[in-house]
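Residue numbers (our numbering), protein chains in the order written: chain A, 1 to 551; chain B, 1 to 297; chain C, 1 to 186; chain D, 1 to 169.
Don't read these hints as lab results, they were simulated from the structure. Glycine included, C-beta positions come from ideal geometry on N, C-alpha and C. Wrong hints could be hidden among the right ones.
[To be verified] Straight-line alpha carbon distances no greater than 16 Å define the calculated EDC-like cross-link-like pairs of lysine to aspartate or glutamate that follow:
1. A:299 x D:28
2. D:43 x C:157
3. D:108 x C:105
4. A:344 x D:7
5. C:147 x D:109
6. D:143 x C:166
7. B:211 x C:77
8. A:142 x A:214
[What the hints assert, rightly or not] According to the in silico footprint, chain B covers these stretches of chain C (three or more CB under 8 Å from chain B):
9. 5–16
10. 41–49
11. 74–82
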Amino acid sequence: MPTSIYEVLELMRKYGRIEKIHKDTYIVEVKADKVKDICSILHWKLGGHFSVTVGSDERLINGYFAIYHVFLLDEQKISIIVHTKANPAVPKIPSITPIIPGANWHEREAHDFFGIVFENHPNLERLILPYDWPEKVYPLRKDVSIEELRFKILKPETVKAKAKPEEEYIVPIGPYHPALHEPEYFELYVEGERIVDAKYKGFHVHRGIEKVAEERLTINQIPFIAERICGICGYTHNVAYCQAVEYAANIDVPLRAKYIRSILLEIERIHSHLLWFGVLFHLLGFDTGFMMTWLVREKIMDLAEILTGNRKNYGMNLVGGVRRDINEGKIKLSLETLDHVEYKLRNILSKMLKLKEIMSRTKEIGLLSREEARKLSVVGPVARASGISTDVRKYHPYAAYGELEFKVPVYDAGDVYSRVLVRYDEIFESISMLKQLLKNIPKGDLMAENVEVPEYRKGLGLTEAPRGENIHLVITGRENKVYRWRPRAPSYNNVPSTLVMLKGENLADAPAIIASIDPCFSCTDHVVVVDVKRGTRRTLRLKEISRGRAR
Amino acid sequence: MIAQLLVLTNIVGLLLITPIIDGIERKIKARLQCRRGPPILQTWYDLLKLFRRPSIVTEEYSLPYIISPYIVFANIIFALALLPSITRVSLSFYGDIIVLTYLIASSSIFIAIGSISSGSVFATIGANREISIATLSKLLIALVLASFAILKGSLTLEKLFPIMPPYTISAILAIVLFAILAYIESYKLPFDIPEAEPEIIDGILVEYSGKSLGVLKYSMYLKRVLLFTMLIDLVLPRNLPPIISSLAYIVSLIFVSILFVTIETYFGRLRIDQALKFMKTLIPILLVVIVIAYFHI
Amino acid sequence: MSLKLFRRSLWVYHLNSGGCNGCDIEVLNIFTPYHDVERLGIKLVASPRHADVIVFTGPITRETLPKAIRAFFAVPEPKAVVAVGSCACGGGIWYDSYAVIGGIEAFYRILEKYYKVRPPPTVYVPGCPPKPEAIIHGVAVLRGVLKQKQRKTYFLEKEVPTLTRDFIVNLEKYMKQEGGISIGKR
Amino acid sequence: MKASRIEIFKEALKTGVVTKRYPFEPIEVPEGFRGKPSIDTEKCIGCGACASVCPPNALSIEVDAKRGVKRIMLFLGRCIFCGRCQDVCPTEAIKLSREFELSSLNSKDLYQMVELKMARCEMCGRYYATVRQILFTARNVPKDQRPLLLLCDECRSKVSAKYISYARW
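Based on the provided sequences and hints, a complete structural model is requested.
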């Protein structure tokens with residue numbers, strides 16, 4: 001069992017050429033037939049975890065399609081990218097899903113976007129593209145332009161047929177929810193009251209971000225679209241992207257800029273966790289809890305507005321640094337606000353979590369064992385609630401996190417309540433981190449002096465979003481553009497795990513379980529309930545299920 | 001003739017007051033959540049707006065879907081006429097206690113029938129749930145009313161009020177149990193089911209819109225006031241002078257609604273099986289109350 | 001105008017048409033204690049059938065389009081629309097993406113073309129995301145309580161100096177004389 | 001359990017009503033708030049730097065060759081209020097104000113348009129840049145080089161085989 005970095009790299013060298021692309025990040029180029037072996041070793045033997053699969057059309061650079069499987073090794077504090085090439089005429093690569101079930105969606109996405117076929121994949125169906133998307137059109141291939149996609153393929157007339165209610169959407173209401181925010185579908189198969197199987201149908205919010213970024217935007221415009229991947233934890237995406245480009249171009253970011261980034265990241269984490277608590281209370285019918293947590297959260301939002309000029313979508317980053325400074329007055333104000341928030345939360349939130357209804361509806365519900373969590377490669381608070389200590393801030397430090405003292409809360413029970421506790425602890429960890437950051441912020445510049453980005457270099461940006469690790473792989477391109485940019489949000493890894501958690505649970509607990517991973521589509525709304533015995537299908541809203549028995 | 005007029009005053013007065021009571025509840029709830037809250041007349045504004053909006057019907061509805069809101073409304077109005085409220089006069093006849101039980105139960109059933117006939121799956125599930133709660137809670141209400149009848153030895157509502165004196169343990173217990181049942185039956189948290197909570201209207205009401213939604217919501221507010229009235233009648237002394245008794249009634253109505261909404265604000269929702277379990281534990285207690293009421297303890 | 005009906009009571013159906021959650025959270029935020037729009041008679045409802053107004057947040061992705069159309073027709077007339085956020089107003093940063101219809105106006109064009117429906121009264125609330133107050137302002141404008149502040153501006157340069165060699169070489173001299181060409185003073 | 005409910009109740013009473021009175025009372029926006037970008041029509045020289053950095057292309061530049069004007073258009077329905085335009089504007093003509101009440105009943109009200117007159121190239125007679133832009137550039141160019149500014153890019157590159165142009169467009 002190799003433990004040191006040196007030993008790991010030696011082992012990797014047996015499989016293919018190894019190259020260091022930047023700090024703590026190595027790329028191993030292997031033949032297609034060895035992909036399965038090396039991935040299995042990285043994920044199951046070396047204690048790393050599978051993070052993302054990136055497809056890429058590199059026919060313009062070297063004439064091949066490429067696949068990158070990214071693994072994070074927490075123990076050794078390094079990331080390893082497994083790189084394979086596929087024949088441009090018939091792109092075929094062996095699938096790693098049979099070994100690492102967590103790679104399922106990633107491979108299907110690469111199939112959707114590039115037409116790369118993964119051999120022995122259990123279910124290589126369409127995942128992301130809209131229902132009326134024509135066959136054999138792969139949007140992220142470089143030989144099809146955004147204009148072609150828009151004007152040839154976007155045909156609103158197909159809408160008319162679909163807009164009529166079908167069996168699946170019996171109720172003429174969209175997949176929307178009053179309090180939660182994005183439309184998503186879960187199909188639950190029930191036997192009486194018990195959920196026996198679940199399926200996810202989603203990606204209503206697929207907006208074609210990668211194509212827009214690769215075709216229209218320049219390197220310094222992408223931070224702004226990256227921020228709009230998610231309106232709740234957008235800044236982590238922004239930072240992850242900037243870091244990826246900075247690593248690729250070997251730009252040294254001033255320390256003050258790093259501190260400012262960390263400060264805003266932690267502010268975002270607090271606001272996101274408080275938001276989640278509010279939503280959870282709302283789902284459990286405790287509206288006063290919702291109101292009171294959001295009341296505290298509003299202070300954080302105001303603070304963000306004072307520091308950045310906007311309540312959300314801070315727009316603070318460019319490649320090489322940050323755009324605004326935090327002066328002494330603002331530091332003082334932030335510290336005061338944090339004290340107030342901490343006091344309020346200790347007073348209110350802890351009491352709310354002790355309420356009987358809240359306890360009885362979260363404890364021992366939605367179990368995810370450590371093994372399942374490893375299999376599906378879940379990240380963030382979900383993993384930490386299942387006993388896996390993983391935190392990018394600790395094990396792959398970025399921004400100013402290397403210089404901070406903090407604990408990573410880990411709970412073993414793997415139920416909804418431990419996810420609640422992990423987030424509860426994290427809020428206070430964040431507050432203590434923020435205090436350290438604000439007190440020790442060094443003087444200096446905000447932007448790196450020399451910001452030039454060479455072409456065709458790879459960079460891997462990691463951040464710990466409120467929901468788990470964010471990972472951005474960037475391949476820089478010509479003319480101040482990026483060639484390939486693949487952001488992966490944490491919910492992408494976490495959402496499949498709800499399907500495991502839901503099995504065998506009571507139908508009424510489904511909403512709390514789905515919300516417990518804090519899905520970035522945040523809301524989880526309509527559920528298609530399929531009765532296995534009777535074969536009937538009907539659409540329900542989570543909220544209704546949460547109240548009662550659907551017989 | 002005067003009695004009829006007074007009963008009419010009761011009903012018209014309650015029709016006017018009820019949305020204001022709901023407005024007060026919303027205001028209090030908002031205050032307890034650190035909000036300013038809507039104006040007290042807000043529920044009236046909502047209802048008036050609903051009455052002026054058209055009703056969209058579903059594609060596959062049948063007759064009960066259209067008429068049941070009005071049947072429910074009529075049911076509740078008739079039930080209100082049976083109880084003394086603003087004026088201490090009511091329609092009174094032998095066995096009206098049974099009629100009251102029937103009216104409360106049938107309003108739930110007609111709501112359920114109406115939403116089942118909307119042809120929407122959503123509403124059907126809501127109706128299922130309504131029935132599963134109603135069967136239990138109506139049984140409990142019938143048992144409580146039975147214990148009152150035994151205590152006073154009469155099947156006429158007039159003769160029941162007020163239940164005390166005699167100050168027996170069974171009388172006090174019965175009143176407390178009725179208060180709990182009124183709380184459950186008026187769909188307060190943690191026993192809330194979809195249609196009562198003003199912020200979240202779905203379930204049974206999902207397919208109703210405009211006028212019929214307004215009528216249904218109005219009936220639900222009235223039903224809540226009906227239960228409160230019953231509770232007040234059980235304790236309010238009978239022989240007060242007319243104006244003072246009306247005032248006492250209105251004050252205690254507001255008091256009860258404020259009390260209930262304050263309790264509600266600090267509860268989360270129980271899962272329905274937990275709620276049903278709680279209600280089932282009430283059955284043996286009720287039976288004990290009936291037995292000791294029989295022996296006038 | 002039909003919107004008089006909504007002066008005192010306005011029920012809102014919130015429809016995320018593929019937004020990033022930023023606006024959705026802000027829409028939800030106006031119901032929380034600091035803003036509490038219940039005091040203005042605004043209430044969030046779960047079913048479009050109960051609603052008076054639909055709030056669109058997001059650029060309307062292709063996947064949500066049919067659902068948005070269904071929700072739109074489930075709201076009884078008279079209805080109104082609030083487009084919250086730049087994405088819903090004009091497509092935002094996604095305006096030319098292949099997976100996006102591109103804002104509420106494109107949505108209305110589809111409705112007119114395939115369903116022959118006139119667009120309802122609409123208020124546009126740009127912002128990314130708009131402040132909660134901006135959303136409240138938008139609703140107030142829709143109800144006719146407040147006056148709209150934002151107006152189209154159009155400026156056409158009237159007079160320009162004729163550029164001659166003499167003028168451009170002796171720019172400093174001419175600028176002193178005329179005093180009007182003070183462009184780009186830093 | 002009971003105690004914690006009462007604690008929450010007490011805390012809520014202590015906090016009291018926090019609701020702001022907006023829209024009946026105005027609110028303060030903080031210093032540095034990123035509100036509506038507004039173009040100062042006197043300062044704008046139509047260089048197009050803002051349009052080239054604008055991530056959502058909310059700012060666009062068009063040349064109307066018939067009328068001889070350059071049109072700078074800002075569409076708030078796309079603007080993401082990032083403030084990049086403010087960063088790059090050479091004359092501080094575009095600035096993010098603290099205005100946030102931007103709602104309007106007509107999408108046409110979300111447009112701001114500035115049209116600037118253009119100059120014709122001395123050699124080929126084509127419209128090539130706004131008069132203001134030429135004047136702005138001229139001040140940073142030595143006097144002997146200035147006549148070159150009266151030519152469009154192509155003509156200038158022909159002429160300036162000998163000269164090196166200072167002017168950067």
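A quick look at each hint next to the structure:
{"no.": "1", "hint": "A:299 x D:28", "verdict": "holds, 15 Å"}
{"no.": "2", "hint": "D:43 x C:157", "verdict": "holds, 11 Å"}
{"no.": "3", "hint": "D:108 x C:105", "verdict": "holds, 11 Å"}
{"no.": "4", "hint": "A:344 x D:7", "verdict": "holds, 12 Å"}
{"no.": "5", "hint": "C:147 x D:109", "verdict": "holds, 13 Å"}
{"no.": "6", "hint": "D:143 x C:166", "verdict": "holds, 10 Å"}
{"no.": "7", "hint": "B:211 x C:77", "verdict": "holds, 13 Å"}
{"no.": "8", "hint": "A:142 x A:214", "verdict": "holds, 9 Å"}
{"no.": "9", "hint": "5–16", "verdict": "holds (count 5)"}
{"no.": "10", "hint": "41–49", "verdict": "holds (count 7)"}
{"no.": "11", "hint": "74–82", "verdict": "holds (count 3)"}
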